[in-house]
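Since the structure of chain V is already known, use the hints to place chains G, P, F, Z and A on it.
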Amino acid sequence: MIDDKGLRLDGRRPDELRSIKLQVGVLHNANGSAYIEQGKNKIIVGVYGPREIHPKHLIISDRAAIRCRYRMAPFSTDERKHPAPSRREVEISKVIREALEPSVLSEYYPRTVIDIFIEALQCDGGTRCASIVAASLALADAGIPLKELVSSCSVGKVKGHVIVDLYDLEDKYGEADLPIALMPNHNLVTLIQMDGKLSKEEFDKAFNMALEGCRKISNLQNDALKRKYKLESDTETSKDSKEEVK
Amino acid sequence: MIDDKGLRLDGRRPDELRSIKLQVGVLHNANGSAYIEQGKNKIIVGVYGPREIHPKHLIISDRAAIRCRYRMAPFSTDERKHPAPSRREVEISKVIREALEPSVLSEYYPRTVIDIFIEALQCDGGTRCASIVAASLALADAGIPLKELVSSCSVGKVKGHVIVDLYDLEDKYGEADLPIALMPNHNLVTLIQMDGKLSKEEFDKAFNMALEGCRKISNLQNDALKRKYKLESDTETSKDSKEEVK
Amino acid sequence: MIDDKGLRLDGRRPDELRSIKLQVGVLHNANGSAYIEQGKNKIIVGVYGPREIHPKHLIISDRAAIRCRYRMAPFSTDERKHPAPSRREVEISKVIREALEPSVLSEYYPRTVIDIFIEALQCDGGTRCASIVAASLALADAGIPLKELVSSCSVGKVKGHVIVDLYDLEDKYGEADLPIALMPNHNLVTLIQMDGKLSKEEFDKAFNMALEGCRKISNLQNDALKRKYKLESDTETSKDSKEEVK
Amino acid sequence: MSTTPHSSEILTLERDHIIDLASKGKRIDNRAPMDYREIKIQTGIIEKANGSAQVDIGQTKVIVGVKIEAGTPFPDTPNEGVQTVNAEFTPLAHPTFELGPPQENSIELSRIVDRNLRESKAIDLTKLCIVPGKKTFVVFIDLNMLDHYGNLIDASTYAALSALLTSKLNEYEVKHDELIIKDNQQPLPMNDYPIPITFAKIGKTLMLDPNIQEEHAMSARLTVGIDNEDCVCAMQKGGLGGFEPSEIESAVETAIQKSKEIRKLIIEATR
Amino acid sequence: MSTTPHSSEILTLERDHIIDLASKGKRIDNRAPMDYREIKIQTGIIEKANGSAQVDIGQTKVIVGVKIEAGTPFPDTPNEGVQTVNAEFTPLAHPTFELGPPQENSIELSRIVDRNLRESKAIDLTKLCIVPGKKTFVVFIDLNMLDHYGNLIDASTYAALSALLTSKLNEYEVKHDELIIKDNQQPLPMNDYPIPITFAKIGKTLMLDPNIQEEHAMSARLTVGIDNEDCVCAMQKGGLGGFEPSEIESAVETAIQKSKEIRKLIIEATR
Amino acid sequence: MSTTPHSSEILTLERDHIIDLASKGKRIDNRAPMDYREIKIQTGIIEKANGSAQVDIGQTKVIVGVKIEAGTPFPDTPNEGVQTVNAEFTPLAHPTFELGPPQENSIELSRIVDRNLRESKAIDLTKLCIVPGKKTFVVFIDLNMLDHYGNLIDASTYAALSALLTSKLNEYEVKHDELIIKDNQQPLPMNDYPIPITFAKIGKTLMLDPNIQEEHAMSARLTVGIDNEDCVCAMQKGGLGGFEPSEIESAVETAIQKSKEIRKLIIEATR
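Chains as they are written, first to last, in this note's numbering: chain V, 6 to 251; chain G, 6 to 251; chain P, 6 to 251; chain F, 95 to 365; chain Z, 95 to 365; chain A, 95 to 365.
This is chain V alone, in the form it adopts within the complex (with noise of 0.2 Å):
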């Protein structure tokens, strides 16, 4: 998985990302959205909210409620998914959605609820981190305040190498995996999961891979936004029309 000149079999070196497309503003009826490629990775991510909340026992009286569900389309995967939402699917969706509930400032809308919708077109491995950092995009689009983005991003270990930002086969020849989201200016982890077996050192190495994983991601969150502001102030049609039907 690791050739002599320590890069991997898709030619990366073990600290290299893989590339990563990020759009903010792709659908219409969404009140925020954001889409990701990430390697093979398409992740599609629309965010409805502050909205009133059904049924109404899930209130909160002093913040939003945030609901999530991550699902993974069922052309997907190699093998095709059944629709139903499998166990692997709610639990992902719980922890995006504890990664993102940190950053989101609630209490600005009690009684209400911020619904994140993340379909996962196309799956090659770390869909759970690439899909907080579009989710993360999609909220702001949203104009949900914000106390900064979350960025998220995996590492490995594969054939006793740590590895950044692993894809599906390396993802499945791995002897651990270890996703985490990050609030860099916080200083904050907002998730973190580990399967496998890493020895102390190994996971110090990975974790801090990991964090710098994160920061690089970062930045191209900042730089994808950025991107739509500028389109926002610059096209005036496409933002009119987008109000016309609010």
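Keep in mind that the hints were calculated from the coordinates and are not lab data. Each hint should be verified, as a subset may be incorrect.
Taking CB as the label site, the calculated pair distances span [to be verified]:
#1 Q28/V x E84/G: 29 to 39 Å
#2 S340/Z x P99/A: 39 to 49 Å
#3 E355/Z x L110/V: 48 to 58 Å
#4 T171/A x N173/Z: 30 to 40 Å
Yeah, the Cβ is synthetic: ideal placement off N, Cα and C, and Gly gets one too.
For chains G, P, F, Z and A alone, kept in the frame of chain V given last:
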């Protein structure tokens, strides 16, 4: 499927309907009910309402909501049907509801619901049409104000012949199926579906044959309703016994 | 199944109950709880309430609603039981609720609910009776006002012999099973079910043996309850620690 | 979760009236306590089923269809057929069924019907095996409530029994592991005619065959199933109250007598 | 249970405005009655699928992925492949989908797409059998709504057709009853290019390709599917109103003409 | 859909009190920050299971049963056994579970327990294959919460591990493709004893083994699983807040130390 004399397997002419038996007011508890036998089709319909609607979010402020469930009994088909509702039953429930909606003066009863429950006890082709015929009578029997009764009939193409009111075997080997529903006095087609293959000429022929079928069945519906009213005014006893439990 | 000396496979006489262990107040969170071991049967019951009821349409204006769930743990049976509720568990939940209803002074707490949760941890025949015995104690432990405790016992016919309190193996090869529940002071049978084949004479014999079994178990219930009250008044510490978290 | 049902739909006045009548041995529809309403049995109404019947008890209407198909035997009875009962509380049968009727009622009903048939060995399942351990006939008994005006248990069981007694089984061959169904038919082999008799306790009185108004006024319900040999084959108590032991013993006696009449009715209707 | 949907989200004023425009042959987005919005077709966007396409009709966006896997044929077509269509109304596509959209809409949509493809025999299922009666290819067509701005039926069918027309099927061998999938691929065998054309009736006027505002203002919807030979292969009426017979006849004529244009568009995009 | 949970059941006053105590390194039940409550382990309590254990951590009570049955291996591991974990939040364990607890909590719990066991290769699945690719042993690990007073993750994993360590596997033969189960039993082959250690972050302080009051007051939760070789085998963060990187690094160190104590406890209890 069509013999030398132009007759069908069951001896009917191409434009001949199966024998139809209609009964109105066959159930005790339902506010209105009707029963249809059309060939081997045996379908019973019960209507409740206008009545209170639960859950509340289904309330429509300026009209009655109409709910419709079409269900095939497990013993209604050649092979036993699993009791869970199939996708086919879900779609048929919808097109039947939409076939009946235009005939109901639903604005007379805002914030209520009218429930139409259809049990197909035996299915032998064309059950959605037969269900509409009976359901419209059951609505009338429930005293729901209607613009007029909705009639319904299907036409198909079998071995190149356009024939009316297909039964199961013809349907199975047919090349096309075209069920329609009609409000005859309003000249309004309230259901049309098609599958198969029809040239424009064949379509026009089939469509007109179906309209003709609807008009014939419309007469039978009116007769059935008159019989019911006559019976009710004749037999005070039966009327009283019905009132007693309401 | 019955040897020359009239003894059963596990050495019991025909009218001999299995050894029964009853404990009241075994759970911390539940408002009331009880545990029963009857042979290899191990069943724990927790009661919550009277408390607010959701959804609101379940409110009964002149009494408390009682809800009851009987559930077999997946590991409770010889072959693993699928976690989804079986039709058998649904029916047993109902007959247990109906066995307990007559004993509860539910009119004291209108518009509330009393929840009875029964977990069968190990099942070895006669679990519905054992569940009733424990559930009635758990209701008392929760401080729910009762007319009296409900006792319960089953009788069966095995190889022509009428015997009391069948365990799994006897039940499997038995010719009839007759579980009953009794409010002894009110002389009221609150559960009776039967399957198998019993002549009128056999039925009368079995029925009276079951009533006798209920009366014996009733004494054990009262002892268990007294032990609990004695314990509580003796050990102030344990009582305090319970109050602290309520 | 099993939940205390609502009973709001009957007026307290009507309930009190029914209880008051009961104390005088009278009923709201003028029957004697031990009378059934009129029982009407029609068979052979669903041609596509192996057997079918509609039973009306007064205004209560139940239709039952029997379908017999090849399937897999249970591991513990490799040489026997399979009997399966399913009850559907169709929403047209009663205004409350729309609300999503407590599923427990239809499950309980189907299990009572199943037990009456199974415990009396009504169907001779030993004759339904096709290839031991591999293939057997499955008898699907589907109960369809059309109009609920009380005593669904008896109506459903009588209809199931009538449908079974008129059910036909296709002859077949097994050739090279393939099941070949032939056209000629035999009656489904039957052993017994179990008859459930249902009592309502209203006030202090037991009444047979409660109608729906009486069901709302009763404190408890008792069903006693009696087989051909006058043995008890199934019992089920329902409802929020209970019975005194002597009431149960006398109910069993009554059931043994009453079941003879009804068995005769069913035999005649299915001959 | 099928229930009359809410329509509260559109203002009555807007609805009246749209109906008023329609009476003058005008539309809220300035199209002519028989114009589609701009149709944009992209294929090959999901590398892991056998075929895929995204179709935008104006602001409406649908993505379709095709997966082809080995499975079991239906008993009545032992020598044919299996086609299965599933539609997901993803909640990001429309604010009302969050509320648990009436499942009937997604079921109806998938069944309309399925019928258009099936009745025109678009996929040559006869070439997908692997071992007769035992193993066949199953073509899973998954429709994923991303942005709902009206006319999901046409957008979904065009996307499904585009995805199928660019789908690849792996070559294979059957050795000792084992299926061995090879690396080289062939196009999925296709027979026909069925094109549904959807009309909205607004006031007395028929309009093609309603946007979402028009869907809320329309009294009824009619979809006519036309195959390569200008024959009608599928129809479906929806909505609370109806059509006069003459309207239906003229809609069929229009659909035959309009389908040629759109078929050309799809052929070009999938070449 | 994952939804922000309610936290109304704890009084703000109590929460503030707990956070205030934490700032002084104190806890509401007088423990030191790095203390567990008393851990009580009982095994062999369900005779019908292959293995079972009840673990109490303070007032928290979890019972786990292990059933081992023959089943089908996964296609990608044809030579291995199957491990499956299922968690049931029984409604008697906590007053809020009645409301239909967010299913996500029980799914997350079962997946954390599963990962701890799976990633450390605790069960030697390579020894559970019966017929490669066809038949294997399936180890069902069913977690049953009886009383929820905080830290269900640790209690459940310790109980699962204790149940597995005392599980027996029946010997068997395969004769003519038939599996014959014998009476004599061997211990289930085990490789590792993974120990999860759960931290709560309350204010700025990390606490081990939060009780339920502390769980309501904590901003986030971190579980670190440690295997026999002091390696990290599983981690999971939960809750609405986050951790500073240095907190995570120090939690891993603490977990490595603390896990030794608890592993010893479990080994002694299951010897």
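Taking the numbered hints from earlier one at a time, note which ones the structure violates and give those numbers from smallest to largest.
Going through the list in order, the structure violates hints 1 and 2 and respects the others.
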